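Colleague: The lines below spell out each chain.
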Amino acid sequence: MVPTYYYLLLALALFTIGVVGVLTRRNIMIILMSIELMMNAVNINLIAFSSRLQQVTGQVFSIFVITVAAAEAAVGLGIVIAMFKNKETMNINEIDLMKW
Amino acid sequence: MLETILFYFFATIAVVSAIFVITRHNVVHSAAFLAATLLSVAGIFLTLHAEFLAGVQVIVYVGGILVLFVFVIMLISVERNIFERQYNRQWTIALITTAILVAEIAYGLFRGKDTFNLPAPAAAAAPGAPAAMGNSQQVGFALYQNYLLPFEIASILLLVAIVGAVVLAKRKTQAEESGVVPGMPFSRDS
Numbered sequence: 001m002v003p004t005y006y007y008l009l010l011a012l013a014l015f016t017i018g019v020v021g022v023l024t025r026r027n028i029m030i031i032l033m034s035i036e037l038m039m040n041a042v043n044i045n046l047i048a049f050s051s052r053l054q055q056v057t058g059q060v061f062s063i064f065v066i067t068v069a070a071a072e073a074a075v076g077l078g079i080v081i082a083m084f085k086n087k088e089t090m091n092i093n094e095i096d097l098m099k100w
Numbered sequence: 001m002l003e004t005i006l007f008y009f010f011a012t013i014a015v016v017s018a019i020f021v022i023t024r025h026n027v028v029h030s031a032a033f034l035a036a037t038l039l040s041v042a043g044i045f046l047t048l049h050a051e052f053l054a055g056v057q058v059i060v061y062v063g064g065i066l067v068l069f070v071f072v073i074m075l076i077s078v079e080r081n082i083f084e085r086q087y088n089r090q091w092t093i094a095l096i097t098t099a100i101l102v103a104e105i106a107y108g109l110f111r112g113k114d115t116f117n118l119p120a121p122a123a124a125a126a127p128g129a130p131a132a133m134g135n136s137q138q139v140g141f142a143l144y145q146n147y148l149l150p151f152e153i154a155s156i157l158l159l160v161a162i163v164g165a166v167v168l169a170k171r172k173t174q175a176e177e178s179g180v181v182p183g184m185p186f187s188r189d190s
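So the sequences go chain by chain: G and X.
Quick note on numbering: the first sequence equals residues 1 to 100 in this note's numbering.
Quick note on numbering: the second sequence equals residues 1 to 190 in this note's numbering.
Isolated chain G (complex conformation) (with noise of 0.2 Å):
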């Protein structure tokens, strides 16, 4: 029986690189795809707890994030190609002017 603590650190782990791929990369593609790590790192903890408690709401709590997560990546990519129609550009350092 692998004790909760280790799915913790694994959520932890992978937050964490989650963290470090918003912060550090300039492809505004990759950054949504960190930031969809850190969401399943919630997800694993949740889920933890849930087997760990033996109560289904923290399952309950994770489909919840799975819509958020499908909701906010269709609208961000629906973003991110109306930004691309402007300026041709995946980097997030050449997106710098309001309108012009």
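Hints listed in this document are in silico derivations from the structure and should not be mistaken for laboratory results.
Some clues are possibly wrong.
Result set (DSSO-like, lysine-lysine): computed pairs, CA atoms no more than 27 Å apart in a straight line [said to hold, decoys possible]: (1) X:170 <-> G:87; (2) G:85 <-> X:172; (3) X:172 <-> G:87; (4) G:85 <-> X:170.
Computed footprint of chain X on chain G; a stretch qualifies when at least three of its residues, placed anywhere within it, have a C-beta under 8 Å from a C-beta of chain X [what the hints assert, rightly or not]: (5) 5-19; (6) 41-47; (7) 53-63.
All values derive from a computational prediction rather than experimental measurement.
Beta carbons are placed, not taken as given, at the ideal position from N, Cα and C, and that holds for glycine.
Got chain G; can you put chain X on it based on the hints?
Modeller: Only chain X this time, still in chain G's reference frame:
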């Protein structure tokens, strides 16, 4: 024993794939490694006896969100991005800040790691449905009896997201661009 082996197997694949996601130059390679990470997280859910969530993870995350990512990469990827500088100028500060964050959380986890060995409560005391049902059945009971309002709000959220994504990415027709409102006379400035 098997559970421990499976946990280490899926955990190693998840962490290694996640590191590859944030370090590859080619965006499509990053998407492929993200698929590996999401599938191994689904495996982790299976070792935690959350079979319904594992299925939802594969279908929604890998089969929906990741495919959406790959489509958008196909639409807007530019070749020169692979050869440019990949990392921010602030990467040292980012790594230092992340190291501080990780140290804090890891210290908190380490100090409290014995408190996570909570005694499993009796089946009758759990507020979810009683045991001896399948996992999907338990989740279904909880969603439709105790958490019905968040379930309906989530469906409204998805509707809003769909409409928003379509509006954001829609290509304007020629009539809309020239200022003509269909059906209204004298709508174009002459």
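Colleague: Confirm or reject each hint.
Modeller: The hints, checked one at a time:
1. X:170 <-> G:87: holds (16 Å)
2. G:85 <-> X:172: holds (11 Å)
3. X:172 <-> G:87: holds (17 Å)
4. G:85 <-> X:170: holds (11 Å)
5. 5-19: It holds, with 13 qualifying residues against the three required.
6. 41-47: holds (count 3)
7. 53-63: That given contact holds, which follows from 9 residues of the segment 53-63 of chain G lying within Cβ reach (below 8 Å) of chain X.
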